[in-house]
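Given chain A, put chain B in place with the hints provided.
As they're listed, the protein sequences go chains A and B.
So the working numbering is basically just the index in the first sequence, starting at one, shifted up by 121.
Number 101 in the working numbering belongs to position 103 of the second sequence; there are no gaps in the numbering.
Any given hint could turn out to be false.
[Claimed, not checked] Here are some chain B residues the structure puts well away from chain A; computed CB gaps all over 12 Å:
hint, residue
1, Ser76
2, Thr84
3, Arg133
[Said to hold, decoys possible] List of simulated lysine to aspartate or glutamate pairs, EDC-like, C-alpha gap at most 20 Å:
hint, chain 1, residue 1, chain 2, residue 2
4, A, Lys662, A, Asp619
5, B, Lys0, A, Asp561
6, A, Lys578, B, Asp118
7, A, Lys213, A, Asp242
8, A, Lys280, A, Asp250
9, A, Lys578, A, Asp568
10, A, Lys662, A, Glu631
11, A, Lys533, A, Glu588
12, B, Lys0, A, Glu563
13, A, Lys533, A, Glu597
14, B, Lys0, B, Asp118
15, A, Lys578, B, Glu121
No lab work stands behind these hints, which were simulated from the structure alone.
Glycine included, each C-beta is placed from N, C-alpha and C at the ideal position.
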Amino acid sequence: MIGSGAGRAWADLGLGAKGLIVVALPLAILLSGIGALHLSGRAEAEAEARVRLTFAIQRDIHEVHALLAEAASGVRGYRLTGRRAFLEPYVKAEALLPQTLDRLRRTAQDPEIRQRLRRVDALVIQKRDGLAQLAAMPGAGTAAGIEAAEVANALVANKAVLDALRAEIDAMQRRERELLEQRQDQADSERRRTWTLTAVMAGIGLLGGLAAAQLLFTGIVRRVRGLERDAERLERGEPLTLADEAQDEIGRLARRLGQASDLLRSREAALREGEERYRRVIEGVRDYGIFALDIDGNVVSWNTGAERIKGWSADEILGRHFSTFYPPEAREETPARLLDTARREGRVEDEGWRVRRDGGRFWANVVITALHDEAGTLTGFSKVTRDVTERRLAEEALGHARAEAERASRAKSEFLSRMSHELRTPLTAILGFNQLLGMDREMLSEDQRHAVDQIAKAGGHLLAMIEEVLDIARIEAGGHALTLDLIEIDPLIEDVHDLIAPQVQAAGVEVRRSGDAAVRATADRRATIQILLNLVSNGLKYGSAGGVITLNVVDDRDGVRIEVIDEGSGVPPAMVDRLFTPFDRLDAERWSGVEGSGLGLALSRGLAQAQGGDLIYRARSDRPGAIFVLSLSAPQPSRQGVSP
Amino acid sequence: MKIVPEDTALKTARILAVDDEAANLSLVERAFRREGFGTVVTFLNGHDALVDFAASTPDLVLLDLMMPGVDGYELLESFRRLTPATEYLPILVLTADSTMNARLRALSLGANDLLLKPYDVGELLMRSWVLLDTRRRFLTVRG
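Excised from the complex, chain A in its bound form (with noise of 0.2 Å):
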């Protein structure tokens, strides 16, 4: 390059420019060197037309000199003689002279030339006069004395000129030579001028398609490859050189080249780095096995969960067959079948013992997933396997505890069923046959008729007490089938009422209802009803005769409770603690005459917690009396069946 600066402008051309530049620079040396070389050949031309010019005044130069010499030797002769063919030469030379000198007058350019033209046009003049003279002179050939004297005084005056006519005419033509010497010269020195200007063109122009081609190798070829090298480094991932910085289209494309390059290494370094990321985190991950299959099941890819799980390094199972799990029975079929399901429906879960390294088994959980590139195509699996032995003895003594929990559940019930068969089959010999007696009343005597009614009254007794003992144990052993549901208390008082209405009038006393109407609970029905049977008939009992039994509903924020209170003496203060029991009547006969089985407290305390409610005691505090006060669960908004 010539210099940075130029060299700068150069490599910032546009394309276009530069094409411009690069065709035309040899064009114009070359259109240059043709003019210089059609100059060149018209000078040469010219001064050959000049040498040619200078040859025909030299031819005519001698023609006017042989024309005149010839006039003059005709004249003498003519003179001599007297003959008139000896002035033939005299009468062309009077023709052709005058166009001859006419010729060299229009011709001859030389100053010096012109000059003794117009001498030696006077002197052909004053010579054509003389010769005309003497060829007018008569007597020719009769010579006479004075004739003769004229004659010889024209002939010396002619020859006189013709001297003269002769030294202008050898003037003239030695200066006529002196100039075709030039001539020749300069058409000499033309030419040489013409070949050395062709020779330097040519070279010029060999310079000029040089400089273009190396215009055009240093301001696109080379710069273009360093591009396509470029190119190649990005597709090879390398760095580029990013030499080019001109500002024509190879210096832009150039910088957008560097420029995606940039883009294509910060994406690819992010990529990498999540990439990377993603591994590490997938490796790290200890509780997982995560591992990668191809498409025909080997292994691909292990993380350290998997090493940890299944104790293989990633050295020794990349490239194995994942049915390397598998336990020897299941190692044929359930691979495949596994692969098979996740191929088709995109994942599978399965669940079994699974082999380590070492042998030893392992309850598995895995999950097989099928992967697909963007175009769709199954490109392998990935399997996330978890080792979830722990849980599955879990599962097993859990499952172990329920079926040793439904046991027991079983054998109390069965031991149940047993009780009351034991207790009440006796009981249905004894009483049936009495019965049979009893239908027979006429047949027996007073005494027979009494032991009959004794046997079923205590018959009755016996029944009633193992009733409640089976109702009891049956709680206890949770068998005593509740079904919770949102009752209405005040019909439910009013059934209870119902029911104990025959005992209630025969004990002459009064049931009354107080407290909050329109109250509701979550209960048994049925047990409610019992437990309230109960505390009543215990009232009736124990309560003084005539007098008042109340039913008292309260529906507070300490929640439903039915209070039923009597107008007996109350429980003695001492006997409160053992009031609920089982058999224990409190020497209740020896201190109220009543009979019981000393088990009604216990069971309807038992209901009472079994529906999530109680029954506690309370003496009254205004006067003489008990108060059972038997607390509900408040309103559930749904219903559910407990089995406490």
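Same frame as chain A, now just chain B:
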């Protein structure tokens, strides 16, 4: 004084009673004898009862549930298996097992009625009479 209505048509009814307690069988026998209807055939074990059942179809079965050997539940199943679907053969279960489970199981296996021991003898006779009467009407309709 009789408990059930006078009904000569039921005098010849064949009643099969199964119980492992001899006293209970005796009670049943006497009760029916006193009322004067039906012929009670008694068995102390399930196996014998099954053999008899297969040999001669009864009009009513009085069945205890808890028995050693072939128990009442198995007998219920066998009786139902041996009885054609078009037949009406009433089975009254008499059991001392008061658990709900026992009652539901007996009824689901095909018992027509159930009395809890100790039962009222009059109720036993009335329920037996109702079942026999239904069977008699069934046989009349069938022809």
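Taking the hints in turn, this is what the structure says about them:
no., hint, result
1, Ser76, "holds (21 Å)"
2, Thr84, "holds (34 Å)"
3, Arg133, "holds (24 Å)"
4, Lys662/A with Asp619/A, "holds (18 Å)"
5, Lys0/B with Asp561/A, "holds (10 Å)"
6, Lys578/A with Asp118/B, "holds (14 Å)"
7, Lys213/A with Asp242/A, "holds (18 Å)"
8, Lys280/A with Asp250/A, "holds (13 Å)"
9, Lys578/A with Asp568/A, "holds (15 Å)"
10, Lys662/A with Glu631/A, "holds (13 Å)"
11, Lys533/A with Glu588/A, "holds (17 Å)"
12, Lys0/B with Glu563/A, "holds (13 Å)"
13, Lys533/A with Glu597/A, "holds (10 Å)"
14, Lys0/B with Asp118/B, "holds (15 Å)"
15, Lys578/A with Glu121/B, "holds (18 Å)"
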